[in-house]
Amino acid sequence: MHEVITLALMDYLKSEDFRITLYLVRKSPLTMLGMTLTISLILFAILAPYIAKQDPIEQDPSKRLLPPSPEHPFGTDQLGRDIFSRVIWGSRISLTIAVIVVAISFSTGTVLGIVAGYFGGKVDELLMRITDMFMAFPRLILAMAVAAALGPGIFNTVIAMAFVSWVYYARLSRASTLQVREEMFVEAARAIGASNLRILFKHILPVTISPVIVQATLDMGGAILTAAALGFLGLGVQPPTPEWGVMVSEGRRFITEQWWVSTFPGFAILLATLGFNLLGDGINDILNVRSRR
Amino acid sequence: MLLEIRDLKVIFHTIRGMVRAVNGVDLMLNQGEIIGLVGETGSGKTVTGLSILRLLDQNAEIIDGKIIFDGRDLLKLPMNEMLKIRGKEISMIFQEPKAALNPVIPVGDQVAESFMVHERITKSEAKKRVIEMFNRVELPDPERIYKSYPHELSGGMAQRVVISMALALRPKLLIADEPTSALDVTIQAQIMDLFKELVRQFKTSVIYITHDMALAAEISDKIAVMYAGRIVEVAKTEEIFEEPLHPYTRGLLRSIPDVKRRMKTLFSMPGEIPSMLNPPPGCLFHPRCPDKMEICERKVPILKKVDEHEVACFLYG
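Just so you know, the protein sequences line up as chains A and B, in that order.
Residues in the first sequence are numbered from 33 upward in steps of one, following my numbering.
Residues in the second sequence are numbered from 3 upward in steps of one, following my numbering.
If you are wondering where the hints come from, they were derived from the structure by calculation, not from laboratory data.
Every residue gets a Cβ at the ideal spot worked out from N, C-alpha and C, and that includes glycine.
Wrong hints could be hidden among the right ones.
Claimed, not checked - The list that follows gives simulated cross-link-like pairs (lysine-lysine, DSS-like), each with its CA atoms no further than 25 angstroms apart: (1) B/K125 - A/K234; (2) B/K86 - A/K234; (3) B/K125 - A/K46; (4) B/K130 - A/K234; (5) A/K46 - B/K86; (6) B/K129 - A/K234.
Said to hold, decoys possible - Some chain A residues well away from chain B (every beta-carbon gap over 10 angstroms; in silico): (7) K46; (8) T53; (9) L54; (10) Q86; (11) I191; (12) E219; (13) A221; (14) S227.
Bound conformation, chain A alone (with noise of 0.2 angstroms):
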């Protein structure tokens, strides 16, 4: 099984498709700057005992609020915890929260979004009626109702987050189908003798999926920051867990005299959302068959 897999890797990385994506990619330089960010961002979730060495939550008060320096590239906080370990594990914590949340709403959204589409009728109706529900209310302010509701926590501010995203990829997949059910390839799927379930997976599913993708690719971004806003309000997750939301939370009684305690998970937020917009914006532009002539 491994060597089929391998094998069908390597044909693909040697086919010419391959070579286009990666031309593609090479001559977009935001592509390639989204790309960084995002790989350096996962990389150092995964590294994260490796790169910072000092222990993220162990406090100590000898040491409290010391400016950047050799020793705390990004000085401590009010506790005399070294900031660059908490922004270092802050990056597992946040990209936690957004695979989980993108992976839920990702896979029900679309899943409902096919079957809404493909079906019409009252399911459709139904499902529609409900989304317009969801889409009322902006998208933040929803997920804070939800969490103040849930409590606060990790796994709470997750379901959350959930809760209110999938909606969108409900609608943009539902957009799609309506387009391509009435393609001349369903039909003759149907003449084959497909059965419903298989013409929605088979057939319907990987042609919708790519402008789905992209939303995903451009809501990890987004989940992120979601995620930062709920933890600074103080909804999501809880001190002393060191995410970036709450620290810049906590940072803010220093902000004149001690700038590094916000500024530095401040700027974490940035990046990742910054990485994940434009490697979207560039998975949308390499997907998109115009620009692959």
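Using the hints, position chain B against chain A.
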């Protein structure tokens, strides 16, 4: 008798009202027989074809009739039974080969799907049989074509793929809806030859839907001429060409250009096919008919046996 369509009536519900697309079609087909279903755009030939597989759009409704295939009434069959018939016993070839193939799936996998849907078979076995099918439809380098995407194929190659998909499971009946009209003429001839040969080898019965009399003549044993949702004349191909009985059939044959005869202008039939939103009373062809009689405006003629033909016209008793 492989297929027997009795008094098929199909309507479409549209914003402007009810369109009577098929208005009582009777058609019979023997095992191994090839019938050409000829008619103008909008005469209901495609709708008849789609009705057999029950592939009509949601706004269409079959209001009356029977489609008996191999002893079963297809219109009364539960959907899961119908799925087993589609592709395995009856299959269809569509007009635009490229549109009939999914743009994001390698074409080989799409042909393999026919096997996977109907048989318990592993993917590698299915692939072997697809390659075999590709050889039969004379696709060069089948291994490479297997992995190709539709946009990498020419129109003729794509149609060969579609034909291999339709014939993969050796269906008893094939509905071919203008399979060559999207191709250019030289390719058209090649595809027709291949198609003729394969259906003869596989002993597949074919309903060949086309608007081109000459093309229909080339392949069919029998020709059924459709006009405004009805069949107006059925006969053996030679009979139709030798002695067309229905005035519409005559008109159709006169409008085929003939290189042997010098003509200043090509004959064209006056008028156009009536709107099926509110069709004229009596025989639907009477507004254009050169031999119109008084009875034609009142009564609808039914198919009657006249010599070797079946024809729906009051000129013949």
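Do the hints match the structure? See the list:
no., hint, verdict
1, B/K125 - A/K234, "15 angstroms, holds"
2, B/K86 - A/K234, "18 angstroms, holds"
3, B/K125 - A/K46, "23 angstroms, holds"
4, B/K130 - A/K234, "21 angstroms, holds"
5, A/K46 - B/K86, "40 angstroms, violated"
6, B/K129 - A/K234, "17 angstroms, holds"
7, K46, "12 angstroms, holds"
8, T53, "15 angstroms, holds"
9, L54, "19 angstroms, holds"
10, Q86, "49 angstroms, holds"
11, I191, "34 angstroms, holds"
12, E219, "6 angstroms, violated"
13, A221, "7 angstroms, violated"
14, S227, "6 angstroms, violated"
Checked against the numbered hints above, the structure breaks hints 5, 12, 13, 14 and satisfies the rest.
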